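With the hints in hand, could you dock these two chains into one complex?
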Amino acid sequence: MSISPLRAAMVPVTRQMRAYFAPVNRVTEMPTIFDPGVCGAFPLDSPPAPWLDLGWVENFARWYGTPTDVVRSGARAMPAAQFRGPQEAGVSFDFRQWGKLQMALAGGSEHMNVLAPAAGSSTPEPSGGMPAPGVAVLAGSTANELVFGAGVANAFPDGCLIAVDLDYQQQTGYVGAGIAAAYVSSPLAVKQDPNYVRRVTFNVGRVAQVTETTVLLEQPLPAGAPAAGASAQVIVAFVDREGGSFFQEWSALFVAEEESGGRVCFYYPRLSPNSGAIGKASREGLAVIEKTLSAMSLRASFLAMPYSDPNDGQSVLCYRSYFPAAMAAVY
Amino acid sequence: MQFAKDSFFLALQSRLAGLNPARTITMNGATVPAIVVVENLPPSSAEQAANAFYIEWGATSVVDGHSGSGALMSMECVISYYTFGTVASRVDRGRVLGQLDDELLAICQPPSTEKRDYAQAPSADLGTRVFWSQPRFSENAKSGVENQAERHADGRVERKAGITVFFFSEVTLS
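Same order as they appear, the protein sequences are chains A and B.
Quick note on the working numbering: the first sequence kicks off at 9 and runs consecutively.
Quick note on the working numbering: the second sequence kicks off at -18 and runs consecutively.
The following block holds chain B by itself, in its conformation from the complex (with noise of 0.2 Å):
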């Protein structure tokens, strides 16, 4: 399950990088593509920086029909991302903002990448692929979100995109 989720966290930030390679984030130091993964960062990291893609990772289950010898799964993922534009007055936040649906729809093509272990050095092909659905642009339930782009007290304009990753597991289910 690990490598499906560093291949398809490692094939979208290599896009991103990619796309718009001045779209990154300083994180330990060090400037990177501005996409991460909550579960990857330490328990007490600072809040989320603003024009970067964070993913978290949900439920995990066996697709109904396709249990037996390499298992098709599904697993749901969270990409969030916020902005407050560019100038002071945050008049272009609404068009930040759809830059960056735009770009993490274009991160997402093509749909899948190959399975790798990243474990090992250099990674190794693990003979399948990773592969997901369209990202679906809507309110996040956690956080009672009502609209589309939600409106904070401090004017940024947020998104929440679902994606489900579907992957052959590596386990043998019986």
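Isolated chain A (complex conformation) (with noise of 0.2 Å):
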């Protein structure tokens, strides 16, 4: 019997590679584990949750920086034996699609949502200023429908963007609901301001529809069902900044889309963003749709931290897994 069919099956044809992003437990550094065995051959449009898909990605490359080293002995330095060196890996690739996540990931630091300002707001500031108050979202909400009670059209109109979290509690460390957003050392480095966590919190929604007392939202929020004593207030755009102390880290999944041969996917436990050394880079892209017009892209490009194997205790920056078509041959 020729093999012929069986060989053609374990070439990995691939149109594009798609992206999802899970949060890390910045407290414990305990990433949002992909196991291949089960959960490997999910749908490309219903990842398993908690991953987001963040849609598919562009110029997709790989690298490391692992050195093998090589000790020599005797008289002529023949090799003895080989060890690795320190190791470095990363990734890069442009988002197609704009979104929250997406331009949080290709900036890197804390990203803000600027909250719509109070009436009569006269302080300009550039990540937003004086906001108009939260409206506390009620017991019974979950992630997909916020209740708020009677009036609720009033402050939530159809289409707003939305963010939900807490008020800053004069806590320091991280803040933001499901998803550590920034990093708080001090009440006074951001004014002890009670919006703050909703200023950088990742748990944000698309106001699809509003009833008499509830809003129900486009996508469910991030962090899943609002926290009790969570509020809510309009978003009026997403501001991203050159600078800032936060790095961010995220887990994250790419996932080769076949369309012949097998799946290929690379999981990073821990991702931080990371432009590189010194150096002159971009931070969007230019994709010409004909002259004049272009589609603008989000230049991201992250550093893998390690993550220890808890079946070997080998220290891991990336995984890269393989599932064979159906019939290929092994080898």
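Because the hints were derived from the structure by calculation, they are not lab data.
Keep in mind it's a predicted model, so treat the numbers as computed, not measured.
We put the beta carbon where it would ideally sit given N, CA and C, even for glycine.
One thing to keep in mind: the hints can contain errors.
[Claimed, not checked] What follows is a list of derived Cβ distance ranges for each label pair:
#1 B:Gln101 / A:Tyr72: 44 to 50 Å
#2 A:Arg214 / B:Gln29: 31 to 37 Å
#3 A:Arg214 / B:Ala40: 44 to 50 Å
#4 B:Val13 / A:Asn67: 57 to 63 Å
#5 B:Ala100 / A:Asn67: 58 to 64 Å
#6 B:Pro2 / A:Glu133: 41 to 47 Å
#7 B:Ala100 / A:Gln90: 35 to 41 Å
#8 A:Val244 / B:Leu0: 37 to 43 Å
#9 A:Ala126 / B:Ser70: 54 to 60 Å
[As the list claims (entries may be wrong)] Residues on chain B that point at chain A, a partial pick, calculated with CB under 8 Å:
#10 Asp45
#11 Cys89
#12 Ser104
In structure tokens:
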């Protein structure tokens, strides 16, 4: 029997790369685990929770800088053994779609929600001034439907963006529901602003429909059902900044869409945005549609952080998994 | 090669049947989804029917750098269709053509399918997949079409969409 068809099935053919991100618990440095055995073959449009689908990416490039050096011995300095030097790896790509998470990941530091200003607010701030007060989210709210009570339409019109999180309570440390959005070293650093957490939170959504007492969201809140005591405020824009001291950290999964052959996944337990060494780099790309017309993309670059594999205790920066196609030869 | 043609056609046919069950034509007394392969029809077949997709196969070649065991091959394909619209005045023919465009785009997604041997029953999985480019709605040089939607004297509007279909050859090339 010829094995030609089996060998052709060993050629992974892909059209594009899909990116999924999930939070890292910054206090414990525990990543979101991608277990290929449990959820590796998921449909690309419906990733397993808590992975967030950030769409197709372009110019995907993985790199590593882990040198392998040689121990030599004898009069002729023959190779006797090898060892690996300092481990380093990373990945870069362009987000073709813009959104809160895409922009934040490409920026890499605190990512601000510009909250709708209070009536008569007169002190301009580049990342948003005095906002309109938050509206308390009531019990019974879920990740998809927020309960506010009568008159909700006055506060949240159809189609608006909202940030949902707790008031800043003068604590220090990581803030933001579900996903660490910033690190507060001192209440004074954030002007003891009760709105600060909602200025940076990733727990955002778009209002799809307003009922008498609730709002329905287009997509579920990334952090799930709001915590007791959370409030919501309207967002008018997103802002990232060149600067800032905070480094985000995410678990990332990239899947090569399989047109033929098997599926290839790249799992980074911990990725931290990193624009590289000193030098000039572009923050955005322009994909020319036709002359004078271009689509803007967000350039993103990350450094892989180590994770200790529980199976053998090895420090790992990235996992590459391969799901052979049905009928593909094994070798 | 025939396996790839059959797999592509049957994938689009079944998708069209699911997408728009009303999009049918009658052939030899049988009602079937309105997508046919021209080379599978008798040479003496009547003029193509309106509101139906006609697949014509073109040039085939080995993709550069992919020869050897299970060479990757490409095959050009043109899918043509036309409409007079649905009303006597034919003023909705542009809208109907747009609907046909949308249906073609939809049945081409996802742009791959299993390559199967339909010469036997039940069909057999051949282990690889057939995959293709997105449709290119453009003029067709053979017919001298100058616009994407050609206008005929009888008022019809028609479209031709080019697709490149890729598959792994069953023949091992040396």
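How the hints compare with the structure:
Under the hint 44 to 50 Å, the C-beta atoms of Gln101 (chain B) and Tyr72 (chain A), about 47 Å apart, fit the expected range. For the hinted restraint 31 to 37 Å between Arg214 (chain A) and Gln29 (chain B), the CB-CB distance of approximately 46 Å leaves it violated. Range check, Arg214 (chain A) to Ala40 (chain B): about 47 Å between beta-carbon atoms, so the 44 to 50 Å window is met. For the pair Val13 (chain B) and Asn67 (chain A), the beta carbons lie near 44 Å from each other, so the given range of 57 to 63 Å is not met.
Between Ala100 (chain B) and Asn67 (chain A), the C-beta spacing of about 43 Å breaks the proposed range 58 to 64 Å. Judged by the Cβ atoms, the range 41 to 47 Å given for Pro2 (chain B) and Glu133 (chain A) is violated: they are separated by roughly 57 Å. For the hinted restraint 35 to 41 Å between Ala100 (chain B) and Gln90 (chain A), the CB-CB distance of approximately 54 Å leaves it violated. Between Val244 (chain A) and Leu0 (chain B) the C-beta distance comes to about 40 Å, which sits within the given range of 37 to 43 Å.
Hint check: Ala126 (chain A) to Ser70 (chain B), Cβ distance near 58 Å, so the stated range 54 to 60 Å holds. Taking 8 Å as the C-beta contact cut-off toward chain A, the hint placing Asp45 (chain B) at the interface is violated, the least distance being around 15 Å. Checking Cys89 (chain B) against chain A: minimum C-beta separation of about 13 Å lies over 8 Å; hint violated. Restraint check, Ser104 (chain B) versus chain A: the minimum CB separation of about 14 Å is more than 8 Å; hint violated.
Going through the hint list in order, the structure does not satisfy hints 2, 4, 5, 6, 7, 10, 11, 12.
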